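Protein chains in written order, with our numbering: chain A, 1 to 512; chain B, 513 to 840.
What the hints contain is simulated information worked out from the structure, not anything from laboratory work. No experiment lies behind these values; they were computed from the predicted model shown. Some hints could be false.
Now the in silico label distances, taken between C-beta atoms and shown as ranges [unchecked claim]:
id	chain 1	residue 1	chain 2	residue 2	range
1	B	Gly824	A	Arg113	33 to 39 Å
2	B	Ala545	A	Phe255	31 to 37 Å
3	B	Leu832	A	Pro465	48 to 54 Å
4	B	Leu553	A	Val78	42 to 48 Å
5	B	Leu832	A	Glu84	22 to 28 Å
6	A	Cys273	B	Tyr641	25 to 31 Å
7	A	Arg379	B	Ile648	38 to 44 Å
8	A	Glu463	B	Ala545	44 to 50 Å
9	B	Gly824	A	Glu211	41 to 47 Å
10	A	Asp143	B	Tyr641	36 to 42 Å
11	A	Val78	B	Ala545	36 to 42 Å
Every residue, glycine too, gets a C-beta built ideally from N, C-alpha and C.
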Amino acid sequence: MIEERGGPVSETVLEMKGISKAFSGVGVLEEIHLQVAKGEVHALMGENGAGKSTLMKILLGIHPADRGEILLEGRRIVNRSPREAMDKGIAMIHQELHPVLDMTVWENVFLGREIRTRFGLADKKAMARECGRLFTQLDVPVDPGARMRDLGVAQCQLVEIVKAVSLSAKVVVMDEPTSAITDREVEILFQQIARLKAQGVGVIYISHKMEEIFRIADRITVLRDGRHMGTDSAADLDNDRLIRRMVGREIREVFPKETVVPGEVVLEVRGLCWGRKVRDVDLSLRKGEILGIAGLVGAGRSELAQTLFGIHKPTGGSVHVHGKPVRIQRPGDAIALKMALVTEDRKGSGLNLKGTVQENITLASLDRLFPRGILDGSREGDVVSKSMEKLKVKAASPKAPVDSLSGGNQQKVVLAKWLLAGPEIIVLDEPTRGVDVGAKRDIYLLLGELVKAGKAVIVISSEIPEIMGIADRILVMAAGRVTGEVARKDFNQERILGYAAQFEGGGSSGTG
Amino acid sequence: MRRNSREVGAVEQAKSLQSSRFMREFGILFVFAGVLGALMLLSPGAFARPANLMNIIKQASVNGILAMGMMFVIISGGIDLSVGSIVALTGVVAASFAHPGEYPFLVPVVLALGLGALIGLLNGVGVAYGNIPPFIVTLGMMTIVRGLALIVSKGSPVFGVTAAFENIAGAFVLEVVPLLVVYFLVVTGASAFLLNKTVFGRRVYAVGGNEVSARFSGIDVQRIRLAVYTISGLLAGLAGLVLASRTVSGNPTAGQSYELDAIAAVIIGGVSMSGGSGKWYGTVIGALLIAVIGNGLDILNVSSHYQLVIKGAIIIFAVLLDMKGKRK
Numbered sequence: 001m002i003e004e005r006g007g008p009v010s011e012t013v014l015e016m017k018g019i020s021k022a023f024s025g026v027g028v029l030e031e032i033h034l035q036v037a038k039g040e041v042h043a044l045m046g047e048n049g050a051g052k053s054t055l056m057k058i059l060l061g062i063h064p065a066d067r068g069e070i071l072l073e074g075r076r077i078v079n080r081s082p083r084e085a086m087d088k089g090i091a092m093i094h095q096e097l098h099p100v101l102d103m104t105v106w107e108n109v110f111l112g113r114e115i116r117t118r119f120g121l122a123d124k125k126a127m128a129r130e131c132g133r134l135f136t137q138l139d140v141p142v143d144p145g146a147r148m149r150d151l152g153v154a155q156c157q158l159v160e161i162v163k164a165v166s167l168s169a170k171v172v173v174m175d176e177p178t179s180a181i182t183d184r185e186v187e188i189l190f191q192q193i194a195r196l197k198a199q200g201v202g203v204i205y206i207s208h209k210m211e212e213i214f215r216i217a218d219r220i221t222v223l224r225d226g227r228h229m230g231t232d233s234a235a236d237l238d239n240d241r242l243i244r245r246m247v248g249r250e251i252r253e254v255f256p257k258e259t260v261v262p263g264e265v266v267l268e269v270r271g272l273c274w275g276r277k278v279r280d281v282d283l284s285l286r287k288g289e290i291l292g293i294a295g296l297v298g299a300g301r302s303e304l305a306q307t308l309f310g311i312h313k314p315t316g317g318s319v320h321v322h323g324k325p326v327r328i329q330r331p332g333d334a335i336a337l338k339m340a341l342v343t344e345d346r347k348g349s350g351l352n353l354k355g356t357v358q359e360n361i362t363l364a365s366l367d368r369l370f371p372r373g374i375l376d377g378s379r380e381g382d383v384v385s386k387s388m389e390k391l392k393v394k395a396a397s398p399k400a401p402v403d404s405l406s407g408g409n410q411q412k413v414v415l416a417k418w419l420l421a422g423p424e425i426i427v428l429d430e431p432t433r434g435v436d437v438g439a440k441r442d443i444y445l446l447l448g449e450l451v452k453a454g455k456a457v458i459v460i461s462s463e464i465p466e467i468m469g470i471a472d473r474i475l476v477m478a479a480g481r482v483t484g485e486v487a488r489k490d491f492n493q494e495r496i497l498g499y500a501a502q503f504e505g506g507g508s509s510g511t512g
Numbered sequence: 513m514r515r516n517s518r519e520v521g522a523v524e525q526a527k528s529l530q531s532s533r534f535m536r537e538f539g540i541l542f543v544f545a546g547v548l549g550a551l552m553l554l555s556p557g558a559f560a561r562p563a564n565l566m567n568i569i570k571q572a573s574v575n576g577i578l579a580m581g582m583m584f585v586i587i588s589g590g591i592d593l594s595v596g597s598i599v600a601l602t603g604v605v606a607a608s609f610a611h612p613g614e615y616p617f618l619v620p621v622v623l624a625l626g627l628g629a630l631i632g633l634l635n636g637v638g639v640a641y642g643n644i645p646p647f648i649v650t651l652g653m654m655t656i657v658r659g660l661a662l663i664v665s666k667g668s669p670v671f672g673v674t675a676a677f678e679n680i681a682g683a684f685v686l687e688v689v690p691l692l693v694v695y696f697l698v699v700t701g702a703s704a705f706l707l708n709k710t711v712f713g714r715r716v717y718a719v720g721g722n723e724v725s726a727r728f729s730g731i732d733v734q735r736i737r738l739a740v741y742t743i744s745g746l747l748a749g750l751a752g753l754v755l756a757s758r759t760v761s762g763n764p765t766a767g768q769s770y771e772l773d774a775i776a777a778v779i780i781g782g783v784s785m786s787g788g789s790g791k792w793y794g795t796v797i798g799a800l801l802i803a804v805i806g807n808g809l810d811i812l813n814v815s816s817h818y819q820l821v822i823k824g825a826i827i828i829f830a831v832l833l834d835m836k837g838k839r840k
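So that you can see chain A by itself, here it is in the shape it has in the complex (with noise of 0.2 Å):
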């Protein structure tokens, strides 16, 4: 079922034709076709699995294909490794980049190729002024001195795209380039990317944010199952038919919501404060509940939700469970208050990458599980079947390790945990960031049967569709405080927005 309507073909830059992978004999993509003309922005979509990275690892050379070719401006290639696919022009920016942390700008963009002086040293002076010059021209407001360290995501990126261009790269692979950084940071990488189509750049753009595609694609190619579900210009496609396209059935609701009505309050947040990152909070939360957090990116929401989980000591303020005072000081203290926290930072503090599916999904009930210390392998073993089958996730098995799973498994591995740990209160911060269309809807629906089952919710989300679509009720954070709160009769995006941009002094712009 391969349609073939297709934009406007200019002059293709790449091609990949009828490229097919198996590993161990297993068919992970077949006859995949992608061609990307000289200035467009071809975005390619699909579930986490569908074969994207399998089909991007092919052509930087990460992988070699069973069969097919790669084209690059009609002449056929080999890439045995990146470096090699860089030389002749493909440039991938990678969904978490890996810079060398101590080095300068500069030194970053000129790696692997530094000018040198007559006497074969590195010249300094000459590279500073070339990675100046270029980021003038092209409109980068990073100073090349910087350590990359003192960067944010989104200027690394910039910095990223810069050394493409200087490397003159024919395509650039844009992997999810926007999940974790913020609107404005969004704008400006967009811009870079109008750029580099004005210069016939051919962009591959992977990314889940519907919205994103329509903006910025001219073409879009959905892969599913490892097979090519056909490419078609970006105008003849809507929200609804690319996500049927790409989970291969219909999706009636995209926030399925349960109300409950809400029973007692089961936490009560009182002036709670720590350092300069939260000030003054007050919540309450209900039973059956689910409160959302909105605010723009170091509004000081995950910081509330660290403090309240005692990950930080509280500088001031009261929290109060069921009723009755409390001083978290350890996230042992709550857990044992039966509060869970899925962080946002699914593989900095919510996952153990080198332990199996099981070793982290017991990890946060091991004393519930085995009062006397003594690991009881059955009764684990039948814990975790259980709880996988109930969340859904995909895995080889138990033992299987954990980094081995898509992004949306893995965040299914890390609900597994929490709610294995029978909590009450449940705060979740950026439960669906990098999930894919179906592991989303898994953990809304999921939610939806924590507060039929009596459970308090709060759900952290930088998107403020889907908080409007889940929530009953939003707090809206701004620079630590918490600056408006809206019933769910009342939502309204603008509002929002508006609650959420509520500095004072002059405000900070999206750190942290």
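Go by the hints and put chain B onto chain A.
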């Protein structure tokens, strides 16, 4: 019915991981078997004799006991450089309290174990509560404790111990198995149990794998740190006691570079230096391999100077193999 590619991907990855895991966990077994085979061919008469094989296990025992403690520390993401010095200090102290007709038999035993554990605990305090890098804390402790061993013994070996003390390592069980080997077996069994079958062991892996996620999951990371260094110190005390008994003396210069042999055994056994992974049986093989190489080269009359070169090369080779296994 066609399988979902996502599942296929997961299965495939699991497979490739299994095979790499196999290499990682058992690759060293092939090396071990290869070395054994080579030595049997080169020296069929001397090497493969049962008495010599028992000798090898004896030679592996002291290092094996130290390596078990080191394994806990390395899996938790740390390192313990002080164990060699602890061997010297506890040996000297034990021998000093084991002169005939002075103290009951148990006094030197309890002192050696207690002192070892105490020094380990101090290492743990420095790492867990002082937030000093483990390399620095235990490097400092290594020097301090070596100094203490020299001070306590006034710089010369302590001789003259009771027959009972000599029997701590020298006696036999069932007339064939030296007690020394029994300690190694018991320590190995206890370590394996602690690491694989207890909540504590699970937490040691979790802390070494990702300290932040461990802390966020309610684990008291500092207490785990304290515990692993205490275990390492305690086992170093046991090694010191056993070595003093075996050599019938407490020598303040004993145990030099033992920490490096222990680290080597752990690393050869496939425990990752960055923490969070590794298996107890790898460490056992690592300790045995080091002993086999030493013993075999002795039998082949290779000078001890060359032995060092060969041992070093094998350590590097083993880690290379380990890293190959980890790359997919």
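Right, here's what the structure says about each hint:
1. B:Gly824 x A:Arg113: 33 to 39 Å: At 36 Å between Cβs, range holds.
2. B:Ala545 x A:Phe255: 31 to 37 Å: Violated: the Cβ-Cβ distance is about 60 Å, outside 31 to 37 Å.
3. B:Leu832 x A:Pro465: 48 to 54 Å: 52 Å, holds
4. B:Leu553 x A:Val78: 42 to 48 Å: Since the Cβ atoms of B:Leu553 and A:Val78 sit about 45 Å apart, the hinted range of 42 to 48 Å holds.
5. B:Leu832 x A:Glu84: 22 to 28 Å: This hint holds: roughly 25 Å between Cβ atoms.
6. A:Cys273 x B:Tyr641: 25 to 31 Å: 26 Å, holds
7. A:Arg379 x B:Ile648: 38 to 44 Å: For A:Arg379 and B:Ile648 the Cβ distance comes to about 42 Å; the hint holds.
8. A:Glu463 x B:Ala545: 44 to 50 Å: At 57 Å between Cβs, range violated.
9. B:Gly824 x A:Glu211: 41 to 47 Å: Between B:Gly824 and A:Glu211, where Cβ atoms are some 59 Å apart, the hint is violated.
10. A:Asp143 x B:Tyr641: 36 to 42 Å: 39 Å, holds
11. A:Val78 x B:Ala545: 36 to 42 Å: 40 Å, holds
In this structure, the earlier hints numbered 2, 8 and 9 are contradicted, and the remaining ones agree with it.
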